[in-house]
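Quick note, our numbering runs 1 ahead of the 1-based positions in the sequence shown.
Quick caveat, the hints were computed from the structure, so don't treat them as lab data.
A hint or two may mislead.
[To be verified] Straight line, CA to CA, 25 Å or less: simulated SDA-like cross-link-like pairs of lysine to any residue:
#, residue 1, residue 2
1, Lys43, Asn24
2, Lys43, Thr96
3, Lys43, Gly73
4, Lys33, Asp59
5, Lys47, Thr78
6, Lys33, Glu58
7, Lys51, Asp72
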Amino acid sequence: MKSDKPIECVGCNTFDVGSIIDNSERSTAFDKIYPTQLEAEKALEKLVQKARDTESEDEPCQIESNISPVDGGFQLTANFAFSCQAEVVIFQLGTRAI
């Protein structure tokens, strides 16, 4: 359903005027298996830095992460909760190669 009232995100200086970004998805999950724990830790460091580079100053990104041993390596799972959907999209675009 389309709302007559546009959505504004002051933290990321965006103003939605009817696009597919409706601010309903403000979090994203990451899940990947790495060969070694060190590689998983380095990937997590990169993800956290990307989140910090993307987050708004008023509402920092909330990050929960875990690295656990699994068959074939170490599984990195992480959840990132941003203040608006635009930040999620920016973060996702910057983490494709991690």
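Against the structure, the hints:
Pair hint Lys43 plus Asn24 does not hold up; C-alpha atoms about 30 Å apart against a cutoff of 25 Å. A threshold of 25 Å between alpha carbons decides the hint, and for Lys43 with Thr96 the separation of about 13 Å falls inside it, so the pair holds. Annotation: proposed proximity of Lys43 to Gly73 holds, straight-line Cα distance about 18 Å (limit 25 Å). At roughly 30 Å between alpha-carbon atoms, Lys33 and Asp59 are farther apart than 25 Å, so this suggested pair is violated.
Taking the CA atoms of Lys47 and Thr78, the gap is about 13 Å. The hint holds against a cut of 25 Å. For the proposed pair Lys33 and Glu58, the alpha carbon gap of about 28 Å is over 25 Å, so the pair is violated. Distance hint between Lys51 and Asp72 is unfulfilled; the C-alpha atoms sit about 28 Å from each other, more than 25 Å.
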